[in-house]
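> Protein chains in written order, with our numbering: chain R, 1 to 284; chain Z, 1001 to 1275.
Here are some chain Z residues the structure puts well away from chain R; computed CB gaps all over 10 Å:
{"no.": "1", "residue": "MET1106"}
{"no.": "2", "residue": "ILE1108"}
{"no.": "3", "residue": "GLU1120"}
{"no.": "4", "residue": "VAL1131"}
{"no.": "5", "residue": "ALA1134"}
{"no.": "6", "residue": "VAL1146"}
{"no.": "7", "residue": "LEU1156"}
{"no.": "8", "residue": "GLY1233"}
{"no.": "9", "residue": "ALA1243"}
{"no.": "10", "residue": "PHE1244"}
{"no.": "11", "residue": "ALA1269"}
{"no.": "12", "residue": "ARG1271"}
Chain Z regions said to be covered by chain R (calculated; three or more residues, Cβ under 8 Å):
{"no.": "13", "stretch": "1061-1069"}
{"no.": "14", "stretch": "1205-1218"}
Bear in mind the hints are in silico, worked out from the structure with no lab data behind them.
Virtual Cβ for every residue (Gly too), placed ideally from N, Cα, C.
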Amino acid sequence: MQLAQRLRPPERKAGTGSVRLYLAVAAGSFRRYSTYRAATLAGAFTNTVFGCILAYTFLALWQARPGVGGYDSNQAVTYIWVSQALLITVAVWGGGFQDDVQERFRNGDIAVDLYRPVDFMGWWLAADLGRAAFHLIGRGVAPTLVGVLAFGIRLPGHPYTWAAFLVSVLLAVLVSFGLRFLVSLTGFWLHDSEGVRSVMVVVALFFSGALLPLTLFPGGLGELARLLPWSALIQVPTDVFLERRSGTALLGALGFQAAWAVLLLAAGRLVQLLATRKVVVHGG
Amino acid sequence: MADTLTVRAAWALRSWWLMAGMWTRSTMAYRASFVLMLAASTTVTALDFVVLLLMFQHTEQLGGWSLGELGFLYGTSSFALGMANMLVGSVDALGERIRTGTLDTMLIRPAPALAQVCAERFSLRRVGRPVQAAAILAWSLTRVDVYWTADRVLLLAVLLVSGSVIFGAIFIGFATVQFWWGEAGEFQNSFTYGGATMLQYPPTVFAKELVAGTVFGLPIAFVNWLPALHILGKPDPLGLPVAFRFASPLAALLCVLAAGLAWRAGLRAYRGTGN
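Bound conformation, chain Z alone (with noise of 0.2 Å):
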């Protein structure tokens, strides 16, 4: 059982692989769109980073958090966000697949047809959302007044790894929503986008309601709000037990599992239109 586990994700990640590639050459026809819209994504997904410099042109702090405490929170915000894109993004187009029909040519595949979804178009340029985003972490890590004990540094290479995930599992979660309802693939922004965004500015800006839904409803708070309170020291405005500060790992396996079984549900009722 667990060896055909092992063998069946192997052969997922290669096929993602290998359609990855091959997307990527392809998308290097046009060298010359690739550069610009590669600089493009680039600054665009850094432009939130730069309104929150103009901001702070007018203020010292941020609902009690500094620059460089912000730029940590938008760092790995976007950083979790950029990596979830750039692997699995993809998978927002499903309805347009099975619009088309090209869902159908995936399924008779003799590859998984999640990993082919993700693999999809897949665009290297989606690199630069998460190469600002880790060049700006990186700064913010200059600024900030942390004692870097040994807890704090591996919680951070944790929250990078279980926020790429959470934010991974909610981009395919919510891309399922298309099976039944083809069109509304930007429902999932909402959450995706949406929710990076809330992510890039302190808890204690939003109204507690919200940021409980963050913890208990769509638990993208694990993503970096709950692991940067033990980082920077910062109080938790919830006034949550500690453990829940070291729990993302355990929340990024909880959106696996529910991504999963709704990719599971989805797939199931998908019926093709024969063509």
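So that you can see chain R by itself, here it is in the shape it has in the complex (with noise of 0.2 Å):
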């Protein structure tokens, strides 16, 4: 029998036991990326390939044009190195629960996932930061310290500046995962989330200064560049790293990053709340 049903977010339960249960999913969700160690360093390892190879390209680039974009050469080197470093961390690429999530749809465990009595945005958002977590360590401590050893890039100077750096890396993820999960919820339409996710990759990955600088992008392009949500991933914490930003303009810069964060994780609530709304189960 074919059974039609609708589905309802369950009661949010707030309280100090939801915090223990996000902090034990993102801690799981730590140790379940942990456990590939292999993948991880072959991971890192590609990371740093590239790295190597863009930075030769970016310094034939600022020895044709020295201070273009407004970064000296060993800045420019840097810039490529920590870029990627926060590659995965901050999914570019996308990935992460976007795969899980994926796989849910097309085997219909997300009408679970919708049952259960934990908050399905809150329970994909704590798993993200603890993936974050280990590639930043997994992902992003080795081509940095490549980047230093073989092109003497240049590290932070103040130790502040690591934790504006660090803040700015979680403001990243939280855009990011925003990003991310607005895509997914694109899954109750379209039955797959695939296609629009592939196009989001293109998105984000010319915008978020993964490939270039911001500053490089001629005119109007480059101050659109600057305004849209996925400079927040890479461009904005990579010159934290630079100390291109102190005083006000760092909080300026964060700020913008905490703006994008709330605004996209409000989007996500609101898209969430009328996907359930619309999930019909075919069960029986």
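Using the hints, put the two standalone chains together into the complex.
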């Protein structure tokens, strides 16, 4: 018998219990990714190879045009290495919880997820933060070290820059989650969010500054790129790392990221509400 | 002997063709996704070239090469990688096939395992990369100042085929690492995508040791760098004998032999879990 049933999101229970739960989810996700050591090693190796190749191309450009985009050649090389170190943490290529959610759309488990006494978005956000924490270490440290040893990249001088950088990376992950969550939710309407997802990869790669600092983009395109949420993924944290912003400018940069994070997470919350109202489970 | 080899190769190609056709029909079930992914795959692979265009907003040359010449490098490198990725790129999921046990199913089917692994989850959207690469290559040919003699035209055709074969062999060769090291799928990206990215820039940009590594180590310099020196008439940063510029088919043959041996060794070392 075909049974069509409407699902409602469970009531949210606030309190210390749920905080502990989300911490457990994040820790579990961290452990899950840390299990695949060979994959992490292979991935960090790939980021390092790309860092090397792109660093040479950047050196060639900055040799031809010193100081272009407001970076000197050492800053430019640092930029590309930090960008490679962050690429997986802030999931410019997508992935992380998106793969899990897509699989659950395909096999129908998504219906069970909505029944759980845990908030759908909160669960996946916690899991993604755990993943990002692992990737920052597993995929970030090795490229940065090789960058220092082989290309003499510039590490932040002040300890508080490191703190600001970590805050900036956290905000970048939140923005990235907000974007990817919206993409995944299109699955409720399209059944398969892979197409939308691959389009988003193009946009994210281009507008995050992962390929080229956004200051090198011409005129209006550059200004637009710096206002879009994707610049919060790579351009902003990397500039924080390079100590290009200090004082109120630094607060402004972090505020820019935070504003996009809040906006996107709120949008995600709204779309989730619409999506769960709409879900019809074919069971029986 | 020669006859059986031909028969076996034909059978492998036919198996590949049948499976690729099956997967194409299956992906067409989500037609909207396919169209979006084809568009995205075409665009994402063109982003590297957009980066080049943006770089040339700020400079006239990179490492002594013009934008047209870089377009030639980009077009040839991306075309070779794209063809290889479309035809055999699925082999990079070998570790997953081993983990989920589907490789065992392939081994008992009456078709060559390698052909099946290469055609598994064949996705037609990967045609996006070679198509846009060919378009940019065609554009670059209008920009470069080349006196088109017969040998240059022939060499261009040879490099496109040899380059695709070299990258195909690299895909297969490094995928076999996953027989021993199942999670290392991403490892080969360094050599396939990383290699192709490197070849999009002039060899003069990189350290000489690195360029030497692409000639005598993993021979990707034969994909486009070395033939391009002859076609575009550029000086060789390594000062190698001129014969190297015409040796791409030989390099491709060696790559195929090495990949074939690696695949055989891997398959021989493989033990199913009995699922």
